[in-house]
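J.: One letter stands for each residue in the lines below.
There are 2 protein chains.
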Amino acid sequence: MPPLATLPCASSSSLYPYSITSSFPSSSSSSSSNRATASTASLAFGFRAKPTIPTKTLGRPGIMTLNSPIRCAVSIEKETPETERPETFLREVDGGRNGAASSPSESSVRARFERMIREAQDRVCEAIEAVDGGGKFKEDVWSRPGGGGGISRVLQDGAVWEKAGVNVSVVYGVMPPEAYRAAKGAAFDPKPGPVPFFAAGISSVLHPQNPFAPTLHFNYRYFETDAPKDAPGAPRQWWFGGGTDFTPSYIFEEDVKHFHSVQKNACDKFDPSFYPRFKKWCDDYFYIKHRGERRGLGGIFFDDLNDYDQEMLLAFATECANCVIPAYIPIIEKRKDMPFTEKHKAWQQLRRGRYVEFNLVYDRGTTFGLKTGGRIESILVSLPLTARWEYDHKPEEGSEEWKLLDACINPKEWL
Amino acid sequence: MPPLATLPCASSSSLYPYSITSSFPSSSSSSSSNRATASTASLAFGFRAKPTIPTKTLGRPGIMTLNSPIRCAVSIEKETPETERPETFLREVDGGRNGAASSPSESSVRARFERMIREAQDRVCEAIEAVDGGGKFKEDVWSRPGGGGGISRVLQDGAVWEKAGVNVSVVYGVMPPEAYRAAKGAAFDPKPGPVPFFAAGISSVLHPQNPFAPTLHFNYRYFETDAPKDAPGAPRQWWFGGGTDFTPSYIFEEDVKHFHSVQKNACDKFDPSFYPRFKKWCDDYFYIKHRGERRGLGGIFFDDLNDYDQEMLLAFATECANCVIPAYIPIIEKRKDMPFTEKHKAWQQLRRGRYVEFNLVYDRGTTFGLKTGGRIESILVSLPLTARWEYDHKPEEGSEEWKLLDACINPKEWL
Chain A
1 MPPLATLPCA SSSSLYPYSI TSSFPSSSSS SSSNRATAST ASLAFGFRAK
51 PTIPTKTLGR PGIMTLNSPI RCAVSIEKET PETERPETFL REVDGGRNGA
101 ASSPSESSVR ARFERMIREA QDRVCEAIEA VDGGGKFKED VWSRPGGGGG
151 ISRVLQDGAV WEKAGVNVSV VYGVMPPEAY RAAKGAAFDP KPGPVPFFAA
201 GISSVLHPQN PFAPTLHFNY RYFETDAPKD APGAPRQWWF GGGTDFTPSY
251 IFEEDVKHFH SVQKNACDKF DPSFYPRFKK WCDDYFYIKH RGERRGLGGI
301 FFDDLNDYDQ EMLLAFATEC ANCVIPAYIP IIEKRKDMPF TEKHKAWQQL
351 RRGRYVEFNL VYDRGTTFGL KTGGRIESIL VSLPLTARWE YDHKPEEGSE
401 EWKLLDACIN PKEWL
Chain C
1 MPPLATLPCA SSSSLYPYSI TSSFPSSSSS SSSNRATAST ASLAFGFRAK
51 PTIPTKTLGR PGIMTLNSPI RCAVSIEKET PETERPETFL REVDGGRNGA
101 ASSPSESSVR ARFERMIREA QDRVCEAIEA VDGGGKFKED VWSRPGGGGG
151 ISRVLQDGAV WEKAGVNVSV VYGVMPPEAY RAAKGAAFDP KPGPVPFFAA
201 GISSVLHPQN PFAPTLHFNY RYFETDAPKD APGAPRQWWF GGGTDFTPSY
251 IFEEDVKHFH SVQKNACDKF DPSFYPRFKK WCDDYFYIKH RGERRGLGGI
301 FFDDLNDYDQ EMLLAFATEC ANCVIPAYIP IIEKRKDMPF TEKHKAWQQL
351 RRGRYVEFNL VYDRGTTFGL KTGGRIESIL VSLPLTARWE YDHKPEEGSE
401 EWKLLDACIN PKEWL
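These protein sequences, in sequence, are chains A and C. Sequential numbering from 1 applies to the first sequence in the working numbering. Sequential numbering from 1 applies to the second sequence in the working numbering.
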């Protein structure tokens with residue numbers, strides 16, 4: 001890693017691994033298809049944001065006020081660039097800096113999840129730089145006055161990767177009471193208070209140069225609400241979400257089998273139902289509805305997961321994050337130097353266009369981030385360096401391009 | 001133009017020049033900023049579509065059923081490819097084929113608007129091919145069994161234009177009664193019927209190769225409802241919408257002045273308030289909220305326009321469509337062969353990325369089209385052939401790139 005640097009616009013808010021409303025459990029939280037297709041879910045609680053228009057400056061206002069015409073208002077604090085990575089982004093009360101080092105809160109799920117994603121970020125970035133050989137990650141560190149912050153790392157125009165982003169962030173926020181009520185399914189409460197929440201996540205998209213080397217995305221997140229002050233006895237709620245999926249432009253069956261078997265092995269250590277359920281959830285979530293195609297060849301995806309032991313789910317998310325390198329790097333090593341033609345590159349660019357369509361139109365984290373005034377460069381680092389849209393392009397039946405498209409339209413069982 | 005051809009997937013539904021709900025007049029129809037920033041307006045009447053997932057075929061189902069979870073259901077007929085351009089896409093009762101040639105309906109606004117956009121399509125395509133010198137438009141003609149249809153024309157990889165689409169279409173549809181009630185502002189009616197509507201429009205996006213040559217977009221549309229059968233005395237309603245705007249990557253002040261003065265002259269022939277009002281409306285509409293930037297350097301934009309004489313507005317829309325060639329072609333002639341560097345091209349590609357962001361995230365016609373199952377290739381022909389996203393790109397202050405960005409952030413009065 002390069003030494004820490006303060007950059008002119010070092011403030012950041014991650015790739016937006018979470019949208020607030022996507023993290024509520026509901027009666028359908030275990031039904032993958034219902035949740036996964038609810039791409040507009042983040043609007044469901046009235047978070048239809050209308051940021052103040054900065055008409056007279058190149059910058060953005062210090063406080064972004066979001067007004068929903070319907071039900072609630074949310075204020076998001078402006079990030080502050082930091083010159084150094086802090087030990088932790090947690091508040092003191094959660095075991096953060098200056099907090100008692102041996103306090104029990106240090107072993108809280110919040111604290112352990114943050115440690116896990118910070119370590120995963122370091123390991124993945126190290127592995128990417130080692131394989132790339134030339135590119136180095138540029139790092140932006142930021143914090144928010146009320147607690148929380150993040151580390152964004154981007155490698156651009158490397159030897160192997162066109163664009164690689166690996167972000168972690170910790171957010172302390174407040175959700176409108178309507179959202180909490182909807183989550184609890186409670187009856188109308190005439191005087192509810194806002195509900196504080198904590199969220200932490202890692203999110204990454206890695207776009208290689210070579211058209212035979214797949215794009216990878218992974219994202220693991222933990223979400224917790226404080227018990228509401230005006231509702232004594234109401235429980236603290238928590239959820240895990242995340243997944244790892246990959247997007248080749250060409251199918252090498254051995255690669256797909258390798259990738260999916262690493263995911264399955266990670267899942268099987270915890271519950272035999274996880275892989276089939278999260279594999280289907282992934283196929284359902286990364287669906288470009290207007291094309292009738294998935295973005296890629298899937299992997300695993302889950303959200304709003306809280307119906308298992310909390311320690312077990314923390315261990316599961318940790319295992320998944322640890323599997324990113326063994327699932328992905330061996331494939332890259334095999335494909336990064338394969339010779340290719342302009343035709344292969346053009347097809348990769350068309351598939352990158354599909355990636356853009358999914359992320360801008362459907363991805364919950366992205367659409368939520370855009371609407372709520374997060375740091376745009378961090379949210380949109382998921383977009384590829386280059387993409388292409390040809391009118392009415394149709395691969396020849398039976399061609400390698402057609403086979404990839406067919407697998408995106410008709411998801412397969414690879415194992 | 002090339003001879004008419006039937007293509008394997010010749011069915012089409014235009015660049016989607018209209019979204020149903022954007023065409024309702026309302027108390028704020030004359031307030032540009034309110035309407036223009038309501039980018040989610042097409043969801044407001046419950047058109048949140050969930051197309052049937054075609055899991056087992058490469059094609060699309062014959063009938064696309066759209067279910068809103070909230071209030072209404074809409075079925076869209078599948079288009080049928082046609083081998084020949086028909087004289088008209090109007091129903092017989094409106095003066096369509098086999099209808100009495102001299103019937104009064106032939107001079108209806110519907111009929112005259114269709115003739116106007118068909119002629120404009122021919123003239124613009126002819127002018128583009130003449131300047132391009134090499135590229136030819138590929139044409140797709142289609143109809144719907146219940147009436148209506150369209151002509152899509154796309155020129156790709158030409159000498160001057162990277163991608164140029166010019167589409168016309170005529171739609172006979174039925175809107176849910178809730179939409180009509182909302183439009184009328186009437187009190188609740190317990191047994192309303194669906195309201196038939198007619199819409200016709202031309203829509204075009206022209207992306208040149210040379211980074212000094214601007215992208216152009218124009219779009220003119222006419223919308224009419226039939227009087228509802230169960231509400232005797234309820235009036236037939238109608239509206240006009242449209243605009244012409246351009247998107248350079250570099251500012252040549254003489255070009256911008258020329259472009260805007262052609263728009264102003266067209267407006268001034270009808271009402272001195274039109275240019276200032278529609279210029280501002282354009283700046284407000286083509287706003288990429290998450291960037292705090294406009295897509296380009298504007299032009300004119302109006303929607304839901306019905307508070308003037310109908311004949312006057314028909315003449316105004318005709319004048320605007322007729323101005324596309326004199327506003328745009330002289331600029332292209334001057335810029336198409338200018339020498340440029342890789343740096344200029346990369347900046348153009350970044351601005352193309354912004355074009356993609358606006359169209360996929362905010363443009364009403366595009367987002368409505370994607371949600372309602374229109375023909376994707378026709379809707380997304382507005383996207384450029386190639387685009388680029390660099391992490392945290394910031395042009396050097398005072399550079400030519402910075403000047404363009406500044407004008408997109410702080411819209412200027414050019415005349």
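Accuracy of the hints is not assured; some may be wrong.
One copy or two, either will do: identical chains are not told apart, so a pair holds if it fits within one copy or between any two.
[As the list claims (entries may be wrong)] With a straight-line Cα cutoff of 20 Å, these simulated PhoX-like cross-link-like pairs (lysine-lysine) come out:
1) K334 <-> K345
2) K138 <-> K264
3) K334 <-> K257
4) K343 <-> K264
5) K264 <-> K136
6) K78 <-> K269
7) K394 <-> K138
8) K289 <-> K269
9) K336 <-> K280
10) K136 <-> K269
11) K264 <-> K336
12) K289 <-> K78
Everything labelled a hint here was simulated from the structure, so no lab data went into it.
J.: Evaluate each hint against the coordinates.
T.: Now for the hints, and whether the structure bears them out:
no.	hint	verdict
1	K334 <-> K345	within (18 Å within a copy, 33 Å between copies)
2	K138 <-> K264	neither (33 Å within a copy, 47 Å between copies)
3	K334 <-> K257	within (14 Å within a copy, 55 Å between copies)
4	K343 <-> K264	neither (34 Å within a copy, 46 Å between copies)
5	K264 <-> K136	neither (32 Å within a copy, 51 Å between copies)
6	K78 <-> K269	neither (41 Å within a copy, 48 Å between copies)
7	K394 <-> K138	between (38 Å within a copy, 15 Å between copies)
8	K289 <-> K269	neither (33 Å within a copy, 45 Å between copies)
9	K336 <-> K280	neither (29 Å within a copy, 50 Å between copies)
10	K136 <-> K269	neither (35 Å within a copy, 59 Å between copies)
11	K264 <-> K336	neither (25 Å within a copy, 55 Å between copies)
12	K289 <-> K78	between (34 Å within a copy, 17 Å between copies)
In summary, the structure is inconsistent with hints 2, 4, 5, 6, 8, 9, 10, 11 from the numbered list given earlier, while agreeing with the others.
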